[in-house]
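These protein sequences, in sequence, are chains A and B. Be aware that the first sequence starts at 1, since it is given in the numbering used here, and climbs by one per residue. Be aware that the second sequence starts at 1, since it is given in the numbering used here, and climbs by one per residue.
Source of the hints: derived by calculation from the structure; they are not laboratory data. Incorrect hints may have been included.
What the hints assert, rightly or not - Quick partial rundown of chain A residues pointing at chain B, CB under 7 Å, derived from the structure: (1) GLY175; (2) VAL219; (3) LYS324; (4) ILE326.
What the hints assert, rightly or not - As a list, the in silico SDA-like pairs of lysine to any residue whose alpha-carbon atoms are at most 25 Å apart: (5) B:LYS78 - A:GLU266; (6) A:LYS40 - A:MET21; (7) B:LYS80 - A:ILE242; (8) B:LYS145 - A:LEU312; (9) A:LYS324 - B:ASN120; (10) A:LYS324 - B:GLU70; (11) A:LYS198 - B:ARG179; (12) B:LYS178 - A:GLY196; (13) B:LYS257 - B:TYR55; (14) A:LYS128 - B:VAL230; (15) B:LYS143 - A:VAL308; (16) A:LYS249 - B:VAL225; (17) B:LYS145 - A:GLU193; (18) B:LYS178 - A:ASP271; (19) A:LYS248 - B:ARG81; (20) A:LYS102 - B:PHE238; (21) B:LYS178 - A:ARG255; (22) B:LYS80 - A:ARG255; (23) B:LYS84 - A:ALA247.
Said to hold, decoys possible - Label-pair distances were calculated between CB atoms; the ranges are: (24) A:ALA317 - B:LYS145: 21 to 27 Å; (25) B:GLU70 - A:ASP58: 40 to 46 Å; (26) A:PRO15 - B:PRO236: 50 to 56 Å; (27) A:SER251 - B:GLY237: 37 to 43 Å; (28) A:GLY62 - B:ARG224: 35 to 41 Å; (29) A:GLN154 - B:LYS257: 57 to 63 Å; (30) A:ARG255 - B:ASP182: 37 to 43 Å; (31) A:PHE92 - B:GLY184: 36 to 42 Å; (32) B:PHE238 - A:THR294: 46 to 52 Å; (33) B:GLY237 - A:PRO76: 36 to 42 Å; (34) A:SER251 - B:MET25: 46 to 52 Å; (35) B:LYS84 - A:THR294: 38 to 44 Å; (36) A:ASP246 - B:GLY108: 47 to 53 Å.
Bear in mind the structure is a predicted one, so any value in this text is a computation, not a measurement. Glycine included, C-beta positions come from ideal geometry on N, C-alpha and C.
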Amino acid sequence: MSGVDRLNVPEFERPIVELEMKLESRRMDLANEKDKQKAKDIQSEIEFLEKDVRKLTDSVFGNLDPWNRVQLSRHPSRPLTSDFVANIFDDFQELKGDRAYKDDPAILCGFGTIDGHKVMVLGHRKGKTLKERLECNFGCAHPEGYRKALRKMQMAEKFGLPIISFINTPGAYPGIEAEERGQSHAIAENIREMTGLKVPIITCTIGEGGSGGALGIGVGDRYLIMENSYYSVISPEGCAAILWHDAKKASDAARVLRLTPNDLIELGIMDEIVPEPYGGAHRDPRKAMEIVKTYLLKHLSELIKLPVNELLDQRYAKLRGMGKYIEVAA
Amino acid sequence: MKWTLSRKRGAPDGLWMKCTSCEAMVYRKVVEEQHQVCPECGFHFRLSAEQRVEYLLDEGSFDEMFTNLESTDPLGFKGKRSYKDKLKQAQENTGHREAAIFGVGTIGGKEVVFGMIDANFIMGSMGSVVGEKIARGAEEALKRKIPLIIVSGSGGGARMEEGILSLFQMAKSSAAIKRLQDAGGLYITVLTNATMGGSMASWAALGDISIAEPQALLGFAGPRVIAQTVRQELPPGFQTSEFLLERGFVDQVCHRKDLRARLISILRYCCKDMPAYRKAAVSRATSKINKEAAKEAAKEAHKAEAKANR
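Okay, chain B solo, but in the shape it has when bound:
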């Protein structure tokens, strides 16, 4: 299903808004210019799926897939509220059937399978449908021989309300990602606030390239659980993107406004069909010395590189 601009959800009213992190009153227009980032403290506000698509993909290029998948209530789960109620509420709030939204689109003209987890949908937690969409997304990328990019936003981890089925989505999604990666496919994860538990400990951690938005909470166990276990105060900045960067678990921390450009650049480096000069280099290395052909290849490579840079 093709997404058009009319799918953008109406922006809330009011010229000023209060930052949920630093509590400063900030001018809404500036926040929007910064792609929903607080100009005072740099806090990245939660995006809707529509905003994410708008900021990252080429305009009008997103074609949503697997839209007919819907969660059931396989355990008949009843807490304070039933799972069915929660699903219904989340569907009404987000306008989507499930937390995961996958499709095909282009970024800087390059076709990719693009997926995101809507953090507004039961905390972006992973049940059967989310796991299934990730697996199908990876399989689609493999079939079409194009990269897979997933924006994580899955603070809920494995969705408790689907019990063991959620847990094994970790294995299902990872299995499909492995097939893609083993075949030489590229998988990029964009880690956003928050990504925890079962999601972080499976597909979200497996990107060939991993880019995090600043100040996102990323980790395995929840900070409260850890504090209870170790009975000591957690160090400042614990489990943030910057913490992971320092410890070597992500490649970059990147402001949301620069994300699209970074992705375009990475796609240029990692996509097999793009760098003709690299192919030439390989053929030079493998064939016997043929100065004439090498010169020709170098010329071509130069042209291709210039074109790609343009």
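The following block holds chain A by itself, in its conformation from the complex:
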């Protein structure tokens, strides 16, 4: 992990980072040590520290509670949509603008090639630098963002390009202008149209799956989710505010909402969990993205073989089966 991020990690990860910093400084000491005996001592200390780091990482990451996963999904070093686009796609051509109002940087769209497959890539864009983050409203899209995405997806349909959608948003932007320009209508139309687009759609949640804002580009044939991500009807903070009038009880809310990848599989929403490198995607973003790539390719190669009718029937059947209820005797 790079230096800057060390100060900006979730509480539960801090002991590991501190230990790693100690380890690194001892390694530097070793490199500078001339005395052989002392070097040997430092070497053995380093070995102990390495073991400690591994043990600590095991115990922390082996026992993540739902709130920890939410925190990891928001980790500043986690790969973002823009990283995926830059690392696992070739010849990316960004396509901007909704042709009606403006370009919303909070959603990224464009042509891309993944392992030779030409596709339409889209995803929520959170931004890397503070300036970018502000421009993107931290990944919260406005109606024009959803309309841009729909336009590009319809173009993908026209040219027979499969769609890969990366989900990573705290939610659609809750603001005055967003409402004025029809936030709910934009999301609703995207959802409706995505249920019928005649090309394969793979959605992959790479961080936060925040409610309607996520679903606005999140309907498809396959629902993948990275190991340390969440998907929820409401943010844990929002849920805690409603239930206990205290946003600080978000960790309790994260538990009751059943928003972790395992829960989402159990509830019949997600199809597959994409594993992350040891200790989380932020510890080895490149490897994390490579793993996602293999999963995307696996599903893509399955989907492109399906005739359109079958594809759409399967998409419909999957959606129709979502939900749990009982049918009592009348």
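Given the coordinates of chain A, assemble chain B onto it according to the supplied hints.
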């Protein structure tokens, strides 16, 4: 299950009542005449499902469907009160199993699938059963080739207590509505106070025709959330029906008393089997010039139109 007049719930006592909006003391009988609208400020009071059916559908025509669907507690959700308790309470208060009530009925003699969300049932929020009923309603309308009308009243949006399952009801309901609309079916939404969040951002926004009751709160994010985010006062009338009308997101804002007549009129325009004169016009346009047949068709069309107007 056929609804009869005996299903009407007893009206509360007292000649006078206080308007919950303008706080004026108003004569209850006048409020009832106005279909539960305050004569002073025009505020539309919340209706029960029974009242809604009475005001909109032809008398005795409503035949409820999918009545056996009941919510479970798939997450084992416990807040201050458990979800199971909330469900039980809502069932007792409304006399219905769930917030969504769907069935087949007639409006001005025209058969439709009619659905409504009872705002008295956990704020009309959408869980698995509500989503399922909307989807089934749309599928039923498609199967029978009749229009679908839904009265929204879903201020709770996606129901938090069913978590992710509620969220994906947005996609499920929209998928079924798309199939209906793609096949040429008509879907009308009547937006009532309040319709927010996941409901507004899916099925409630998708009507071919969208009519709102006056002064209803309609939007995506709740006003409190927005105020907290933007840290400024919200403009007056923000997220009301009139606000949506001005910005082009609904076709009409209509007083509840006129709603039935408006629906009857819209059904007349949009239903394929009704306007014979339109069929004639199409056949005229597509066939080679045949003056005799055209005259005949025009005559027939005139008759059909007169009949429809009657």
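Margin query: Hints numbered earlier in the text: which of these fail when held up against the supplied structure?
Written below: 21, 29
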